[in-house]
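Line by line, the protein sequences give chains A and B.
Residue numbers are given in the numbering used here: position 168 of the first sequence equals residue 168, and the series is strictly consecutive.
Residue numbers are given in the numbering used here: position 171 of the second sequence equals residue 171, and the series is strictly consecutive.
It is worth saying that the hints were derived from the structure and are not from the lab.
Accuracy of the hints is not assured; some may be wrong.
[To be verified] Every beta carbon over 10 Å from chain B, so not counted as near; a handful from chain A, in silico:
#  : residue
1  : Gly15
2  : Leu46
3  : Pro53
4  : Leu55
5  : Thr114
6  : Met116
7  : Thr147
8  : Val165
9  : Asp176
10 : Cys178
11 : Phe200
12 : Asp238
13 : Ala248
14 : Ala255
[Stated by the list, open to error] Below are the EDC-like pairs computed for lysine to aspartate or glutamate, each with C-alpha atoms no more than 20 Å apart in a straight line:
#  : chain 1 : residue 1 : chain 2 : residue 2
15 : B       : Lys2      : A       : Asp238
16 : B       : Lys144    : B       : Glu127
17 : A       : Lys39     : A       : Asp238
18 : A       : Lys39     : B       : Glu127
19 : B       : Lys2      : A       : Glu168
20 : B       : Lys144    : A       : Asp40
21 : B       : Lys3      : A       : Glu171
22 : A       : Lys39     : A       : Asp66
23 : B       : Lys2      : A       : Asp40
24 : A       : Lys39     : B       : Asp133
25 : B       : Lys144    : B       : Asp133
Note that beta-carbon positions come from the ideal geometry of N, C-alpha and C, so glycine has one too.
What follows is each chain in one-letter form.
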Amino acid sequence: MIRPHPLSRLLHAAGLSAFFLFAVFPVYWMVATSLTPEKDLFVWPLRYFPSAPTLEHYAAAFLRTDIPRFFSNSLTVASLASACTLTVSVLGGYALARYRFRGRQATLLVFLATQMMPVVVLIVPLFIIFRMLGLLNTLYSLMIVYTVLNIPFCTLMMQGFFAGVPSELEEAAMVDGCNRMGAILRVAVPLARPGLIATFLFAFIGAWNELLFAVMFLNSESTFTLPVGLYNFISKYDIHWGRMMAGATLALLPALAVFAFVQRYMVRGLALGAVKG
Amino acid sequence: MKKAEPYLLLTPAYLLIAGFLFYPMATVFLLSLREYQLMDPLNTPFVGLGQYAAMLDDEYFWRSLWNSVVWVVVSLCFQFLLGFCLALLLNSARFRGRGLFQAIVFAPWAVSGFLIAIIWAWLLNGEFGLVNDLLIRAGLLDEKVGFLSRGETALLSCVLANIWFGVTFFAVMLFAALQAIPPSLYEAADMDGATAWQSFWRVTAPMVKPAIVITVLLRAIWIFNWADLIWVMTGGGPAGASRTLALYVFQKAFLGLDFGYSAALGVALTVLSLVFTAVFLRITRFHGDEASI
């Protein structure tokens, strides 16, 4: 290894710091704005630190808007949808990992190809389908959509996790009289638990963040998810930026917590090439 | 019985994907052949390729297509260059707390499209936005600019937000590829007296090239189809100046309530995506096996 020149080390540090600032500053600004008293938000030139931090915007977001309801709607939809996604993906992923069957290659290819379908195109036909089913303006429509959109990728993900678990234990369990389903549930699933958690959280983030289907399918405030609720604030004429940023911070927190957890699985998932942003 | 097992296990996935992905996708094409206004769902006359003809005459269609090209190409160039720089820096840096640093720098990836849009709309706000403040302090601007409300800057503002988000993606992918290069290759290059420049072009570049190709292509198609960021930031405005094709599909349905025309635009978007996917599969010579993670 060549010993790095001091100048190159300096450039190195400068480059990394620049990236650090670039990555962090917008998020910092969101949080700082959410903590700045209303009257200090609109002074020019701007102040970079909230001089007297306050939780007034959070209080306003909780007490004077429907954000708590949006939050619980989002939580309901995202957790149920990701639970459904996980169930389907575990079964499918197991099949793809443990069996060599006709159509396996085609299934893998099709699942991967669905990740390149322009999702926005599905909004109109799904709207028509859900209108026929009478599910418009309910959270069920979103649960179905989010479940389905996440299935192909999560199935591929689970396939990878099962492939990494040795199959001998399941065989032993079956010799001992377990049937296949029992072997999956009692042996394979517990062994692949980190993968299950990662897959669940991936699906959760996707559902938690989705906006366009929700905006199209929901039209009464009682059903709004958090993205739709916040979007409605922005589309109204007079935007309360402080409250907005408080809401945005609240929306970001679960995603960041999940991110901290799945970060190490991320590269593996990304390498497959199909993660939505 | 044993032969049927994998199919049984995959049945839920097959059914849901067929019912809620492929069936709707197929109906989009049929829908595009009809005139279909949301407010008048019982009166949907068959118009054949009429809406496609209208599309070719629609200046907003061509404009949105051009905006899509700008949106994809400019975003990608910067995401790739900056992401590669970050990956190289991370790869050659040895310092304490690198794991934490990495987690923080990669964090924009967890921020969703609509949050990115809200954050950047506030940063670029024409009255009290931070970007205006910084540029004026630096002497680069004389007075405040409404970045999102001006035709020349609206799309580029969205591109900027997209770059912020996407650098991470490239950094993660390329960093993983860099970490996978065996150190012995660099040692060998060293022994042969290669300069740092030479070992970059002769060792690093060829080794990460496959990862670069895959990442760029996937990202291109994903950005091409991504609508929510622009939708929240500018709504495609002013006067369509920042409206991409993907956003046009959504807006025709959501605001125009013209399902038939939206479907025709959607078919155009899908065909372009398919062409791109075919190119992708060809270039990367994708085979099913490689899908196993």
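Evaluation of the provided hints:
| no. | hint | result |
| --- | --- | --- |
| 1 | Gly15 | violated (5 Å) |
| 2 | Leu46 | violated (4 Å) |
| 3 | Pro53 | holds (18 Å) |
| 4 | Leu55 | holds (19 Å) |
| 5 | Thr114 | violated (6 Å) |
| 6 | Met116 | violated (5 Å) |
| 7 | Thr147 | violated (7 Å) |
| 8 | Val165 | holds (13 Å) |
| 9 | Asp176 | holds (18 Å) |
| 10 | Cys178 | holds (14 Å) |
| 11 | Phe200 | holds (16 Å) |
| 12 | Asp238 | holds (13 Å) |
| 13 | Ala248 | violated (5 Å) |
| 14 | Ala255 | violated (5 Å) |
| 15 | B:Lys2 with A:Asp238 | violated (63 Å) |
| 16 | B:Lys144 with B:Glu127 | holds (7 Å) |
| 17 | A:Lys39 with A:Asp238 | holds (15 Å) |
| 18 | A:Lys39 with B:Glu127 | holds (14 Å) |
| 19 | B:Lys2 with A:Glu168 | holds (17 Å) |
| 20 | B:Lys144 with A:Asp40 | holds (19 Å) |
| 21 | B:Lys3 with A:Glu171 | holds (17 Å) |
| 22 | A:Lys39 with A:Asp66 | violated (23 Å) |
| 23 | B:Lys2 with A:Asp40 | violated (70 Å) |
| 24 | A:Lys39 with B:Asp133 | holds (18 Å) |
| 25 | B:Lys144 with B:Asp133 | holds (8 Å) |
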